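Please take these sequences and the hints and turn them into a complete structure.
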Amino acid sequence: MKIIEQAIKKGQKSLSEYDSKRVLKSYGFPVVREKLVDSRAAAVKAAKGIGLPVVLKACSATIAHKTEKKLIEVDLRTLKEVERAYEGIVKRVGKAPLDGILVQQMIKGSRELVIGMIRDAQFGPCVMFGLGGIFTEVLKDVSFRIAPLEKRDALEMAQEIKGSPILGVFRGMPAVDMELLSAMLINAGKLGLENDAVKEVDANPLIISGNKPVVVDALVVLEGGTKP
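Residue numbers for the sequence shown follow the numbering used here, so the first one is 80 and each next one is one higher.
Any given hint could be a false lead.
Unchecked claim - Keeping only pairs whose Cα atoms sit at most 25 Å apart, straight-line, the calculated DSS-like set for lysine-lysine is: (1) Lys92 - Lys145; (2) Lys124 - Lys149; (3) Lys159 - Lys114; (4) Lys114 - Lys187.
Since the hints were derived computationally from the structure, they do not count as laboratory data. These numbers were taken from a predicted model, which means no experiment stands behind them.
What follows is the structure, encoded as structure tokens:
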């Protein structure tokens, strides 16, 4: 895959968030609307095109822990806020390598999931599914399958987690589109099987917007690299 090949040639250990989501999108993952920009004026134009409110993020293959470093600004409701957020993020990035600033649609939803792929030394690509968001590592409510997956495997994975009730009709929210979710799990396995240079994939969170899971953040780690 060209994005991955170019990153390897540059000596990158992982893809940027933007490129990670481009890879996932090519495998059928619904991805949040976003645009990578390199100026304040372009950020304003992108925000107009996407529609307020928006999120702004620093984008780089070398910057980890963006939230802790205050390199993410969320729920920006006016163009003035977009301008201030752009300037603030660029200032806080300092001299760190920067691909640009991501202007991203603000996706709202109270249910968050995670889909991942981990390349095991013995079993090869393994697909992971579970509850997502900031509590993923704390709750550890996940299930695994060795790739390749069939639809039956994907549906079983979804039902194995303790939080599976949130996939159905839940507190007035519609049931999650399980056809789409199972296809995403199957394709996470395909991504690992078809790209030996990919060590790990982390699509987290997937926010349920209406009834559809949408990737709002992602990381692809390359062989030889480590997760930030």
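Here is what the structure says about each hint:
1. Lys92 - Lys145: holds (17 Å)
2. Lys124 - Lys149: With Cα atoms ~23 Å apart, Lys124 and Lys149 stay inside 25 Å; holds.
3. Lys159 - Lys114: holds (18 Å)
4. Lys114 - Lys187: holds (18 Å)
The structure shown violates none of the earlier numbered hints.
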